[in-house]
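Asker: Sequence lines, in order, name chains F and D.
Quick note: the first sequence, position 38, residue 27 per the working numbering, numbers continuous.
Just add 193 to the spot in the second sequence (first one is 1) and you have the working numbering.
Read the hints as simulated data drawn from the structure, not as lab findings.
Check before you lean on any hint, since a few could be wrong.
[Stated by the list, open to error] Pairs of lysine-lysine residues, derived as DSS-like cross-links and limited to a Cα-Cα distance of at most 30 angstroms, are as follows: (1) D:250 - F:95; (2) D:276 - D:250; (3) D:276 - F:95.
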Amino acid sequence: AQSVSQHNHHVILSEAASLELGCNYSYGGTVNLFWYVQYPGQHLQLLLKYFSGDPLVKGIKGFEAEFIKSKFSFNLRKPSVQWSDTAEYFCAVTAGSGNTPLVFGKGTRLSVIA
Amino acid sequence: DGGITQSPKYLFRKEGQNVTLSCEQNLNHDAMYWYRQDPGQGLRLIYYSQIVNDFQKGDIAEGYSVSREKKESFPLTVTSAQKNPTAFYLCASTFFGGQGYTFGSGTRLTVV
């Protein structure tokens, strides 16, 4: 069975600081990987996704993630966070065939302070 | 516009009562999913269905039931057997092959 670990439960950063949120998955085959964001009081939004090809994926709002197959990781990065990035971030994985449900990590809450 | 509609947005239930949460999509998606979101727990899969008249249990199916009589509809019933039903419930859908998931805006269920 697939599983996803997000090691940081709550991250607090000052504006303009760099961000890296860890995500590791457990699955032996090919995978599709996703990062979702949930702003306070809003529904889930897709930040970026990886299916194949270039392991460095660029998403919306200046976010990017790097797939490192040897480390089973898909960490999310942003060079300079803004107060508006305050939200909860979820990493998710599904089998490469896409025929298994999305499995989510427990989420990382990001608080950006001025 | 195509999308997923979850209703109601807020729902209150007395202990011991069953309640049904609605999820409708007009995206012609094949597969539909129900997730439960609790603080610090992420999203956990309750049930999913990849074709009409067929569905599978997820990780936390106990106390829940579903049906998939139509491709566009996947209602979730929270039964009285669910010990801790107060949560935020999210419905999602995708084409078979699952490369683009669409999520509903959720239903917040509170047991009073």
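Asker: Under the constraints set out in the numbered hints, which ones does this structure not fulfil?
Answerer: Per hint list: zero violations.
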